[in-house]
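**Student:** Chains as they are written, first to last, in the working numbering: chain B, 1 to 677; chain H, 1 to 73.
The set of hints was computed from the structure by calculation and includes no laboratory data.
Certain hints may be false.
Here are the simulated BS3-like cross-link-like pairs (lysine-lysine), alpha carbons at most 25 Å apart as the crow flies [to be verified]:
| no. | chain 1 | residue 1 | chain 2 | residue 2 |
| --- | --- | --- | --- | --- |
| 1 | H | K72 | B | K170 |
| 2 | B | K487 | H | K40 |
| 3 | B | K480 | H | K66 |
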Amino acid sequence: MIINSIELENFRSFYGTQKIDFAIDKIKNTTFIWADNNVGKTNLLNAITWCLHEQFTSSFRRTDDLLNHQAKSEGTNSFSVTLNFEESGKLYSVKRMGGSLAGFLLHEIIDGDYRVIDKPLLFINSIIPKDMIKYFIIDGEGISESVDSKGQISATKPLEDIMGFQVAEKTLVDLKTIRGEHTKELSQLDVESDLSRVQKKLDKLEILHDGYQKEKKNFEDALENYRNSYEKADEYLKNANHEVVKLKTQERDRLISDLRSQEARLKKYEHEKISLIRKYSWVAFSNKLSNEGIDFIDENRYKGTIPAPFNQSLIQDIISDAQCICGAEIKPGTKAYNEISEKLGKAANPDILNRIAGARSQLQVIKSFSKGALEDISNNISEIRSIESKIIDIKDRLDEISIEIQDVETGKISHYESEYARCSQQIASTERQIGSKETDIKYCLDEITKLRDETRRLSALSPRAQAMQEKIDFIDEVTKVIENELKSALDNIKIELVSKMNSFIKTHLAQDLTVKATKDLKIGLYNNNSDLIAPGGGVTTMLSLVFTSVLISIAEIRKGARGNILTPGAIAPVVLDAPFSRLSETYAPKLASALPPNAEQLIIFMYEGNAKGGEKAIRKNGHVGREYYLLQQLTASDEGKPASYLTVGDKKYPLNEYNQEKDTVRIREVSPNANFY
Amino acid sequence: MPDNSNSEQNLVEMFREAADEVLQDKHLNIYQETARDVIKIERKYFYGDANNYGRLGEIRKTIADKFKESTKE
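With these hints in hand, go ahead and build the complete structure from the sequences.
**Tutor:** Written as structure tokens, this is what we have:
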């Protein structure tokens, strides 16, 4: 999409009908629009988003007050914005009207004839989807508001938007609804009461699971907020110009670092404890058993009693041969015969002897092993106790530090410290709650899996139920296709994003900066020492602009996507409000040089004095195709206020005029013949 | 009477689901085909001019048809 022109009719500060023809040349693709602050830049930018998708940027206030006040006072009750644009070699005109003549019209222009397109919204969305437009048209605040207090951007949502996740996610919700309808039907099949019972249980568990997921999400959102407030308070305290606080926060940092390392050690020893229990549990059992149950094997205690020290086969031989090993005759019925026969009952047989030898040897192993077990487990327990005690000490000291900082007689410090302490507690408690929800979710999922298997088994008993179950399984498979596509798309695009951002930065901005992404896809700029660069000093804006630029390039590449699951991307003008104002004078010209070649069409709003050399770089590289300024006309008298002028090249243009007939903003073109250098 | 063919044609072009591409999708299995068709319906309502009343009905029908197709295979 290339926007050829915009026509505003009584839209916000623009009275009457006013028009801008944008730069549409491939090289001279940039349009500058100059204006003082609060004159109409945001209105103009929002005229585009309103016309296309009835959307507004975050800094646009009073969204229900779009009719120009001057026109309204004259009895006009409607307003409109028209965009004339080109897409795939064809010309179109889209017009949104508000007020008494509200409506939305889209025409294709063929040889000057306007042909109505009857599904305008669908058509516009096929060119620039409504979930992507905010990444193309960005107001001043929007540029840096995406960067958090640490200097990182959460890239997940923008990436999901730019790839059209919203539609796929809505589809998943609808599939779940339809699945629910089928499972309900299944539970109502009265032919199989067991099935109905299991299905009802399953329904309840699924509802419970969804509830836990929502609760977990709420906790995660809350955690994010607590962390942000915590970091803000921490940042304030660290930078507070107060010697005591400085020392205390330094001590606290050391203690927190120590606490983390002790907690990591504790975790390690707790894991070790589990391993030791696994390793030695049988020894403990066997030791107890040997002490209480098989002590009779103890040779010293029971020597000469059980079993008797007579060999069974020797005695049997004596009896059967009726002769002793000394040669004496042992006749049945004699006293000697009877005594020897009596011993046979107590005589040992070789099998028993072998078993006893084995048991004795095993007992020796157990005994020596139990000594080691006792030592290992005692060491582990004592180490755990020692770490726990250290952790308690550190936490006590941290509490004391907090009280000491709060006692500092400075209102703001005390306020931030109590905020720090509050958030710190909330973070710990919310993390526990998230952990607990994760356990609940895991339990639900395990039970759901079991019950689903049970449902399948029971469904197989009834043809009707089986057919229903097969349909549910079918929906599950379709759901999996979409879920897998979303997951793999996000995994792939993460790598692509970081690589493209690094390439952009190395090529256009700085060799010593690198973009890295955390596991949860927070993008930050890092220096050569791999330290995350804190926000401020233009770095925030630079990171944000590079991120935006790469997002747009991803959207452009994805315009050719097939779109089976994810919405194809888009090519659209990039509209930026004062992009260079927060950049340093080193980075502004570099970034300005990189922007036009990386966009199909660029519209930049600026006010004099904030261009930071960005304007000059774009001009010098020959990318400026059109240039306008917004002239504020006021009925009020100047009352000694200095006149405001825009200087472009060797010409000066007034940005405000007093004592005018009407309050309005006029769009005026900067003379293309101005001598710039 | 407005000529709708242009609009429809562009929709097809823009979402890269032109007939030839659908033919290229022959290798898709029945679940992938169903996912694609359900997404198309969803997209029509999400981005489109129609109200949402018919959305679930259309999706139900698509699933029923595709499921039927799958049982014949």
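**Student:** Failing hints, ascending?
**Tutor:** 1
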